[in-house]
Amino acid sequence: MSRASMLAARLLLLALALGLWEALPRLGWVDDEILPPFSAVFVTALQLLQRPAIHGDLVTTGLQLGAALIISVPTGVLLGILLAENKRLAQVCEPLLYFLFSVPKSIFLPLFILTLGISFWQKVAFGCFSTILIVLMSATAAVRSVREEHVLTARSYGATRAQITRHVYLPSMLPVLLEALRLAVIFSTTAVVLAEMYASRSGIGQQIASWGESFMMRQLFAGVLIVSVTAIVINEFIRWIENRCSHWRS
Amino acid sequence: MKQALSERAVTERPMIEVIGLGHTYESRGVASRALEDIALTVQAGRFTVIVGPSGCGKSSLLMMMAGLRRQTEGTILVDGRPMLDPDPDRVGVVFQDANLFPWLSAIDNVAFPLMLRGLGRSERLDRASAMLELVGLGHAGARYPSELSGGMKQRVSIARGLVQDPPVLLMDEPFAALDEQTRMTMGEELLRIWSQTSKTVVFVTHSLSEAVYLADEVLVMSAHPGRIIDRIEVELPRPRTYEMMATATFGQLRDRIWRQIRSPQPGNPA
Ligand SMILES: Nc1ncnc2c1ncn2[C@@H]1O[C@H](COP(=O)(O)OP(=O)(O)OP(=O)(O)O)[C@@H](O)[C@H]1O
Ligand SMILES: [Mg+2]
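One line per chain: the protein sequences are A and B, in this order.
Sequence positions in the first sequence follow this note's numbering and run 1 to 250.
Sequence positions in the second sequence follow this note's numbering and run 1001 to 1270.
Take these hints with a grain of salt, some might be off.
Not the full set, but computed from the structure, chain B residues with beta-carbon under 10 Å of chain A [claimed, not checked]:
| no. | residue |
| --- | --- |
| 1 | ALA1066 |
| 2 | PRO1082 |
| 3 | LEU1084 |
| 4 | VAL1091 |
| 5 | GLY1092 |
| 6 | TYR1242 |
| 7 | MET1245 |
Hints were generated in silico from the structure; no laboratory data involved.
Ideal Cβ positions, reconstructed from N, Cα and C, are used throughout, including at glycine.
Same shape as in the complex, but just chain A (with noise of 0.2 Å):
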């Protein structure tokens, strides 16, 4: 199948789908109070887009979820190449790494805010111990794609250490480490919004949540709609630097 042919499939799966959305409230098959057509949650998603309101809930996720990754990605990504490079190290803390892994973070929610009382900073902290486990295991697998004979081969040339680290390390971790940080994005979202959704003052989440305890269909659907675009667009963006920089992975 051509790129084209295969954009046009895509596109028309997509209105199938939208088609679908807007005709099952439209023919009565669904009650339009509990699924509002897709027309109706697009409009009510474009005026509240308009609302200084709805732009202070984004703009404080946003910024939570900005200190999140700002935090936790470096603080992983180090953490990760120390356990990497540190064999010991790595062979004490594995196992608990992944125990910890495999606990669900929400149980813990209570606990950030009985210790931060609900504020932006509970928010963060959330999100960054929901966020560092994932970073810190990519790195440390984006520690170890590095191929010893690649090293070798700078090594054969001269390179020195720190040329081996900028010309060798870093290119063979890149991609690796661009899918942390999408993966990082994700997991910080979900952790946020939920933190949000349980206990806030402000925050797309909390919008959302009291939306559903409401009743507000149109607007909760319009919330969900918001948050979902912009999670795919800059997970789409990730995706769009790493195949930049992957080209030559295949």
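For this one, chain A is given, so just place chain B with the ligands on it according to the hints.
Just chain B with the ligands now, with coordinates in the frame of chain A:
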């Protein structure tokens, strides 16, 4: 070509000297003797091939000549100076797997050693493309390793080994991963490049025909511990041709190496 050979003989001067070299590996407290009592001299401009059973220490010896691994005993002199660390001015290395960096295009792979030395981009690319030209890949500079065949990758790797114009080229089974036809062509190519650049080459292989076809001198090693058990001067004229492989001399040389490898008789150096 004949003239080139005799010229070489006139200007004879040792390029690589290995003196009393031995090596013991130690892993998890267990010591194992890998190389014992290795002594050899390679004259400048000569093509020396090392053959020997798997595990006899060929790669180890080459790594030491390249300054990538330190021997436990003995000295290695390249161009009169000890080889303690990798020195791209004296020695270029080509590994079994081309070991190209997949994130760099062919030309950037070749230019990699020059980049490490801080040469400007345009000079780097000029020299790298001249090297690609030499290995017959002038057209493929923009391609990435994943877009090259095994033989092409190995050529790029040879070009990278030559780009800093070191007097010595060490090659560890560079064609082992290639099919026989490609291997033959690559051997021819290598001899052509060698005759154009007057490098000293040390070449490790498992193929006896390849050894005789390429070499001025073949060193045969035995295992446990690795020693040099035979030195065979290959006095076939150059340029070597495919037809020579069918001659009696060629066959006798190959048989002699094979007998040594199968049932080593130490103390038989030529
Ligand atoms: N880093 C190492 N640590 C411990 N022992 C090693 C190491 N590298 C090689 N050896 C041992 O040294 C011996 C020689 O290995 P080497 O790789 O030099 O052999 P080789 O002749 O190149 O073999 P092959 O033909 O299979 O490539 C082997 O017995 C091997 O097990
Ligand atoms: Mg080997």
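Hint check results:
1. ALA1066: Status holds, d = 6 Å.
2. PRO1082: At 16 Å from the nearest chain A Cβ, B/PRO1082 fails the 10 Å test, so the hint is violated.
3. LEU1084: 12 Å, violated
4. VAL1091: Holds, about 8 Å.
5. GLY1092: Hint on B/GLY1092: holds, closest Cβ of chain A at ~8 Å, below 10 Å.
6. TYR1242: 32 Å, violated
7. MET1245: 32 Å, violated
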